[in-house]
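**Q** Sequence:
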Amino acid sequence: MNTGVTMDYGISPFYVESDLINPFAGGLAGRGYDHEWQFPHSCNNYGFPKPISGCECNHRIPGNSSSIDAQANPAHLLEIYHGSRDVLQTSNSWTGLIKSDVSFSFSGNRLNDGVNVFIIDNESNSSYSQPHFDYLVGNYGRNLNDQGLPYEFFAPIHSNATTFRITAKI
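111 is the number that the numbering used here gives to position 111 of the sequence shown; each next residue is one higher, with no gaps.
All clues stand as given, with none of them false.
Below 20 Å or equal to it, Euclidean Cα-Cα: the simulated EDC-like pairs (lysine to aspartate or glutamate) are:
no.: 1; residue 1: Lys-99; residue 2: Asp-134
no.: 2; residue 1: Lys-99; residue 2: Glu-123
no.: 3; residue 1: Lys-99; residue 2: Asp-121
no.: 4; residue 1: Lys-99; residue 2: Glu-79
Simulated DEER-style distance windows between Cβ atoms:
no.: 5; residue 1: Asn-109; residue 2: Arg-60; range: 23 to 31 Å
no.: 6; residue 1: Tyr-140; residue 2: Trp-94; range: 21 to 29 Å
no.: 7; residue 1: Asp-86; residue 2: Asn-58; range: 18 to 26 Å
Note that these hints are calculated values from the structure, not bench results. Note that the Cβ used here is the ideal one computed from N, Cα and C, for glycine as well.
Please build the complete structure, drawing on both the sequences and the hints.
**A** Right, here's the structure in full:
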């Protein structure tokens with residue numbers, strides 16, 4: 001009989017957000033922008049761990065039309081950048097009022113210790129395209145830096161033996 005407990009050890013999610021351009025001062029803005037809106041969005045990361053193995057981002061944008069009566073299913077085309085408009089991370093196109101989910105990844109060494117700006121441009125040819133911003137979540141991995149020093153782990157379970165198994169992709 002195995003009485004072991006499996007834990008994801010050392011995972012510490014956090015959420016900090018600062019909308020650089022958001023007239024409604026909320027995380028779900030996007031209403032009121034015309035089809036040429038630009039939506040820089042930043043996430044402040046304090047004490048960023050180094051080295052970082054990579055960053056994967058998930059993004060959701062619900063479709064919308066500036067006039068449902070005139071055009072209920074506009075074509076949308078978004079371009080997503082990190083840091084500046086020098087390097088396109090991904091583009092996403094869809095039609096209608098449905099939500100669109102997109103994932104993209106990039107090297108972790110491109111993340112800043114401090115402010116990371118994601119720029120989302122609506123490049124649709126449809127003047128009715130007016131998607132809403134829902135969320136953008138970034139996940140990054142931290143490499144364990146072994147410098148010949150012992151690791152100290154503190155188990156949250158008292159009076160039980162704890163075994164750690166450290167795995168890595170090489």
